[in-house]
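*Asks:* This is what each chain is made of:
Protein chains: 2
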Amino acid sequence: MKAVKIFCPGTIANVSCGFDVLGLCLDSVGDEMIIRKSEIPGIHITKIVGADLPLATQKNVAGVAALAMLKEITYEGGFEIEIYKKIKAGSGIGSSAASAAGAVFGINELLGNPFTNAKLVEFAMQGEALASGAPHADNVAPALMGGATLVRSYTPLDVIGLPTPSELYATVVHPQIEVKTADSRAILKHNVTLKKAIQQWGNVGGFVSGLFLNDYELISRSLEDVIVEPIRSVLIPYFKAVKTASKDAGALGSGISGSGPSIFALSKGAETANEVADAIRKIYEHTEIPFDIHTSKVNPTGCKILPL
Amino acid sequence: MKAVKIFCPGTIANVSCGFDVLGLCLDSVGDEMIIRKSEIPGIHITKIVGADLPLATQKNVAGVAALAMLKEITYEGGFEIEIYKKIKAGSGIGSSAASAAGAVFGINELLGNPFTNAKLVEFAMQGEALASGAPHADNVAPALMGGATLVRSYTPLDVIGLPTPSELYATVVHPQIEVKTADSRAILKHNVTLKKAIQQWGNVGGFVSGLFLNDYELISRSLEDVIVEPIRSVLIPYFKAVKTASKDAGALGSGISGSGPSIFALSKGAETANEVADAIRKIYEHTEIPFDIHTSKVNPTGCKILPL
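In order, the protein sequences belong to chains A and B. Just so we're aligned: 165 in full-length UniProt numbering is position 165 of the first sequence, and the numbers increase by one with no gaps anywhere. Just so we're aligned: 27 in full-length UniProt numbering is position 27 of the second sequence, and the numbers increase by one with no gaps anywhere.
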């Protein structure tokens, strides 16, 4: 194989209760990439369509992730990468993670899959670090592994793939205001009360159990964030209205996607997810804020090869 | 049925990472109770063997739990309770929870099981509150439901039964020093760092996943408590030595049982659990501290009826 076309899915990090540990992979929202073997050693980003991002390898998350991978293998040639961005940068559904994950997934395919998913997550995290200021795996892990993922630990990195009920759908709205990941991390408090931390880890346990048990009601009850959402949600216009409208339309729950400004809602079934989308659309239509809404099945596979 | 004899198991609360939310039921350690229907209305504790505890219903955890239950049902008669304590009070393996759970389980049996497990947990918690100063479910839930349990939330109470791998064994050592639950709660800090809270809820997610996946290695990696253990363990002599010796003897991990002073270790298989017990025994044998050691399978059923 000399070239490969990749679908690089968007992802929801944190998933309410699981700040910095949980992630969920989307299906109908994602970038595309074409990666070709090249005789010129190194990583060369030759084209970026749909976003104003740097072509310089060291300044591009896909480039940095790919370089991290090449360092661990003896390979004489190099790779050319074309990136077709469809996920808006700064939207909060893992735009940079999609690029980082897609690059290492695609190159791994071209090399005959020498690396495990766990290693790919490590490489992609190094790309992510360029975008968010710190290496995080809660978007790259679901982008690479699909479904839901739990980053149990960073030192050492320990990522666990979780099952997802087959009828789990996400509705994601992106109100197009700018919230930088670094800024939205900066407003978080250094300390939390033990009481709230206990509530949060009870919910993490509940959410994970709900995934294993196919228990949508338990997933619903566990979609609660008493620590981060109360602080970050003030940065997102109409957050509370969206939350209420989603629930009223039948969603299992909702919250901030990653560091925002996108808001996600989870539902049982495509029909409900679409009704939730309609309810959210009505809210932003009455504002001056431009927005996108996507409805997506939870994607069980992650990055995948597309026909070239 | 006019009388019933009950086995009321000891339990491990917290289970390292799951402070206030996780619990595990023991099999070979527990109290016994005989409960008889009586024509005299109310709850009457007629005998307590093995412990110096109050017979007065309102001052006894079994009495308080049973009264909470009777309030929610129309029943003309009453119940006599004999308690045969085998779990030492203040040992940290749910002595008061065993009494509270046993009382409501037994009376429910005598009444023809009108109450669900979830309701029984609520009643038993009211007994627990008498002992620990606050209503907690992390011992009464596993005592009643067996296996591992997750208290996702207290308001409203939401207890989830978790599967336990069939080869999961606990070794529990009780160094006989006095650590009161109320005291060991008082030394906890009101605030924790967000960083440590994230580590903790990553581990809760990992532990719960490990139970569902039958993944002993994942259970092992998740048995880590970065918040409570560093503070409370200073109250328990030879804690670090026990932890090291357990791991060296093949345990998956170890930690403080409930609020201590008992220390638990989990192992895969009875043989390893017994080797862990031997290793721990060697530590306390060289001290002046009296101690008990028990090895127990994780009990999948909780309270059960014994032949009378």
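Be careful, since some hints might not be right.
Pairs count within a copy or across copies, as identical chains cannot be separated in the list.
To be verified - Lysine-lysine pairs mimicking PhoX-like chemistry, simulated, CA-CA at most 25 Å apart: (1) Lys85 / Lys243; (2) Lys304 / Lys85; (3) Lys119 / Lys195; (4) Lys180 / Lys195; (5) Lys304 / Lys195; (6) Lys240 / Lys304.
No lab work stands behind these hints, which were simulated from the structure alone. In this text, all values refer to a predicted model and were calculated from it rather than measured experimentally.
*Asks:* Tell me, in ascending order, the numbers of any earlier hints that this structure violates.
*Replies:* 1, 5 and 6
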